[in-house]
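**Student:** Sequence:
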Amino acid sequence: MADTKRLHGAWCAKIVTLFPEVFPGVLGASLTGRALKDGLWALEPIDLRSFGTGKHRQVDDTPAGGGAGLVMRPDVLGRALSMAAKGTPDDPTRWPRVYLSPRGKPFTQADAQRFARAEGMTLLCGRFEGVDERVIEEYALEEISLGDFVLTGGEIAAQAVLDATVRLIPGVLGNAASTEEESFSDGLLEHPQYTKPAEWKGRKIPDVLLSGHHGDIEKWRRAEAERLTRARRPDLWADYQKRKG
2 MADTKRLHGA WCAKIVTLFP EVFPGVLGAS LTGRALKDGL WALEPIDLRS
52 FGTGKHRQVD DTPAGGGAGL VMRPDVLGRA LSMAAKGTPD DPTRWPRVYL
102 SPRGKPFTQA DAQRFARAEG MTLLCGRFEG VDERVIEEYA LEEISLGDFV
152 LTGGEIAAQA VLDATVRLIP GVLGNAASTE EESFSDGLLE HPQYTKPAEW
202 KGRKIPDVLL SGHHGDIEKW RRAEAERLTR ARRPDLWADY QKRKG
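Everything in the sequence shown is counted per my numbering, starting at 2 for the first residue and increasing by one.
Simulated from the structure, these hints should not be mistaken for laboratory data.
Hints may contain errors.
Restricting the straight-line Cα-Cα distance to at most 25 Å, the calculated cross-link-like pairs of lysine-lysine (BS3-like) are [as the list claims (entries may be wrong)]:
hint: 1; residue 1: K6; residue 2: K38
hint: 2; residue 1: K197; residue 2: K220
hint: 3; residue 1: K38; residue 2: K56
hint: 4; residue 1: K205; residue 2: K220
hint: 5; residue 1: K106; residue 2: K243
hint: 6; residue 1: K220; residue 2: K245
hint: 7; residue 1: K6; residue 2: K87
hint: 8; residue 1: K87; residue 2: K38
Note that this is a predicted model, so its numbers are computed, not measured.
I would like the entire structure built from these sequences, with the hints used as guidance.
**Tutor:** Right, here's the structure in full:
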């Protein structure tokens, strides 16, 4: 990863991974990449292989009790996580420590907002059959999942979590209002969006959006957000209805 400047107190992500070379990946592009170069946030990949045991830097072993696959060793992970913890607060609200795991709780916009309010975070990217349970217990790792599917490793999930989080850091997007109106910000999916030309292939922009009447536009957007959420995400709609009382 190319050297980037780092502003004092910038939000920082430490990534424990067997593949540090894949970072920043997509995070180095567009607005998150520009913010990284400008020092608004920092990225510290930590090569797990360097903490491995023996001549071949082994990081895994066979599962206790038998079974297929390999499990990441607690002694190796412990050394890496202990190094990552140096200089970071113990308080998980100030510095969350996350293990990307298919059995974790589903990642939400609320999680991204919570992570962005912290000083930084550590993410552990699993591989193989996962990590020794004692590591999760010892380091009080929060398990986060992108959904009900399995990836070959946690690197893609880590980049997704970081993208959702970093864009909420003040100054990254440049327009704070844009994060307030998007999907999930208030429990609803986002309303439809339109731009020029006013008519395309016989399809017109709704008249209300061209009316200049901001009150009517806001009502239309709210109604559309509710309609889409009710139709596509009944789970979100039910939660939204409960919050409204």
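**Student:** Please go over all the hints and tell whether each is borne out by the structure.
**Tutor:** Hints and how they fare:
no. : hint          : in the structure
1   : K6 <-> K38    : holds, 6 Å
2   : K197 <-> K220 : holds, 22 Å
3   : K38 <-> K56   : violated, 37 Å
4   : K205 <-> K220 : holds, 19 Å
5   : K106 <-> K243 : holds, 21 Å
6   : K220 <-> K245 : holds, 17 Å
7   : K6 <-> K87    : holds, 21 Å
8   : K87 <-> K38   : holds, 24 Å
Checked against the numbered hints above, the structure violates only hint 3.
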